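Visitor: Listed below, chain by chain, are the residues.
There are 2 protein chains.
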Amino acid sequence: MYIHLDFESDTPIYKQLMHQIIAGIAKQELKPGESLPSVRTMAADIGINLHTVNKTYHQLKEKGFILIHRQKGVVINPDGTPKADEIYMLQLKNALYPLVAESVCRGVKEEEFRQLCISLFQEFTQRKDRSK
Amino acid sequence: MYIHLDFESDTPIYKQLMHQIIAGIAKQELKPGESLPSVRTMAADIGINLHTVNKTYHQLKEKGFILIHRQKGVVINPDGTPKADEIYMLQLKNALYPLVAESVCRGVKEEEFRQLCISLFQEFTQRKDRSK
Numbered sequence: 001m002y003i004h005l006d007f008e009s010d011t012p013i014y015k016q017l018m019h020q021i022i023a024g025i026a027k028q029e030l031k032p033g034e035s036l037p038s039v040r041t042m043a044a045d046i047g048i049n050l051h052t053v054n055k056t057y058h059q060l061k062e063k064g065f066i067l068i069h070r071q072k073g074v075v076i077n078p079d080g081t082p083k084a085d086e087i088y089m090l091q092l093k094n095a096l097y098p099l100v101a102e103s104v105c106r107g108v109k110e111e112e113f114r115q116l117c118i119s120l121f122q123e124f125t126q127r128k129d130r131s132k
Numbered sequence: 001m002y003i004h005l006d007f008e009s010d011t012p013i014y015k016q017l018m019h020q021i022i023a024g025i026a027k028q029e030l031k032p033g034e035s036l037p038s039v040r041t042m043a044a045d046i047g048i049n050l051h052t053v054n055k056t057y058h059q060l061k062e063k064g065f066i067l068i069h070r071q072k073g074v075v076i077n078p079d080g081t082p083k084a085d086e087i088y089m090l091q092l093k094n095a096l097y098p099l100v101a102e103s104v105c106r107g108v109k110e111e112e113f114r115q116l117c118i119s120l121f122q123e124f125t126q127r128k129d130r131s132k
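Protein sequence lines correspond, in order, to chains A and B.
Here UniProt numbering is used: the first sequence runs in plain steps of one and ends on residue 132.
Here UniProt numbering is used: the second sequence runs in plain steps of one and ends on residue 132.
Possibly wrong hints are sitting among the right ones.
Claimed, not checked - Partial list, computed: chain B residues near chain A (C-beta under 8 Å):
| # | residue |
| --- | --- |
| 1 | Pro78 |
| 2 | Pro98 |
| 3 | Phe121 |
As the list claims (entries may be wrong) - Lysine-lysine pairs mimicking BS3-like chemistry, simulated, CA-CA at most 30 Å apart:
| # | chain 1 | residue 1 | chain 2 | residue 2 |
| --- | --- | --- | --- | --- |
| 4 | A | Lys61 | B | Lys63 |
| 5 | A | Lys61 | B | Lys15 |
| 6 | B | Lys109 | A | Lys27 |
| 7 | A | Lys31 | B | Lys93 |
| 8 | A | Lys63 | B | Lys15 |
| 9 | A | Lys15 | B | Lys31 |
| 10 | A | Lys109 | B | Lys93 |
| 11 | A | Lys93 | B | Lys15 |
| 12 | A | Lys15 | B | Lys63 |
| 13 | B | Lys15 | A | Lys15 |
| 14 | B | Lys61 | A | Lys15 |
| 15 | A | Lys93 | B | Lys61 |
| 16 | B | Lys15 | A | Lys109 |
| 17 | B | Lys93 | A | Lys83 |
| 18 | A | Lys61 | B | Lys93 |
| 19 | B | Lys55 | A | Lys93 |
| 20 | A | Lys93 | B | Lys109 |
| 21 | A | Lys109 | B | Lys72 |
| 22 | A | Lys93 | B | Lys72 |
If you're looking for bench data, these hints aren't it; they were derived computationally from the structure.
Here the structure is a predicted model, which is why all the values come from computation and not from measurement.
Glycine is no exception: its CB is placed at the ideal position from the N, C-alpha and C atoms.
If we strip away everything but chain A, and leave its shape as in the complex, we get:
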């Protein structure tokens, strides 16, 4: 899996890494039970601090996307991905809120916004279909 980080972005690196691992899971490039590099290897591979990778892995573990074994190392949760519970749906709503607010200010129509979401959903779903 190819990791691309934008050091100019105002999104923290640990979050960018987390987003890309989650995107890899969504695209089924990373499958349940698959190993991820150790904190040390990942940090060396992509040229970032150990603590940054550690933060990413711990947040992914908290969300239920990965398991961190003392012996087996870091693996994508073999029991599959966590589900969308009420807490997640509220977090999602809170994350969408400022995006919708700024889009309304800038005159983006609901339909345009929707099309953008659909195209992103398709990006993930089509890859899923291809991988079957």
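With chain A held as given, fit chain B onto it using these hints.
Guide: Okay, now just chain B, sitting in the frame of chain A:
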């Protein structure tokens, strides 16, 4: 306008403040030409650091939402809100990408995601209609 900050959130305070001011503009609670409190007053009112408010105001200025006058102080851009150009649409897509990725992982359907967006759009649009 009532500002609510969540000090437990992993969204930086300067960004939370920025989001709330943009939401205020979207809801037309803050109108073109309207004054915002000075950096010093805003910081004192909501109990945060001067530099945090400064960062919010400078980002809002860069985006084109406010003007910072030496004499008149801080005002909502009297020429209206900035438009959705290609750069904005790309930023929006990049911001939606991890939200869609995690939603796909968690089994949120495209339709559910869409309904959430529609309800948020309505939250802003209905307020706009009421204020006419």
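Visitor: All the hints need checking, so say for each whether the structure fits it.
Guide: Here is what the structure says about each hint:
| no. | hint | result |
| --- | --- | --- |
| 1 | Pro78 | 15 Å, violated |
| 2 | Pro98 | 4 Å, holds |
| 3 | Phe121 | 5 Å, holds |
| 4 | Lys61(A) <-> Lys63(B) | 36 Å, violated |
| 5 | Lys61(A) <-> Lys15(B) | 26 Å, holds |
| 6 | Lys109(B) <-> Lys27(A) | 15 Å, holds |
| 7 | Lys31(A) <-> Lys93(B) | 25 Å, holds |
| 8 | Lys63(A) <-> Lys15(B) | 23 Å, holds |
| 9 | Lys15(A) <-> Lys31(B) | 34 Å, violated |
| 10 | Lys109(A) <-> Lys93(B) | 14 Å, holds |
| 11 | Lys93(A) <-> Lys15(B) | 17 Å, holds |
| 12 | Lys15(A) <-> Lys63(B) | 23 Å, holds |
| 13 | Lys15(B) <-> Lys15(A) | 15 Å, holds |
| 14 | Lys61(B) <-> Lys15(A) | 26 Å, holds |
| 15 | Lys93(A) <-> Lys61(B) | 26 Å, holds |
| 16 | Lys15(B) <-> Lys109(A) | 24 Å, holds |
| 17 | Lys93(B) <-> Lys83(A) | 24 Å, holds |
| 18 | Lys61(A) <-> Lys93(B) | 26 Å, holds |
| 19 | Lys55(B) <-> Lys93(A) | 25 Å, holds |
| 20 | Lys93(A) <-> Lys109(B) | 14 Å, holds |
| 21 | Lys109(A) <-> Lys72(B) | 33 Å, violated |
| 22 | Lys93(A) <-> Lys72(B) | 36 Å, violated |
Against the hints set out earlier in the document, violations occur for numbers 1, 4, 9, 21, 22.
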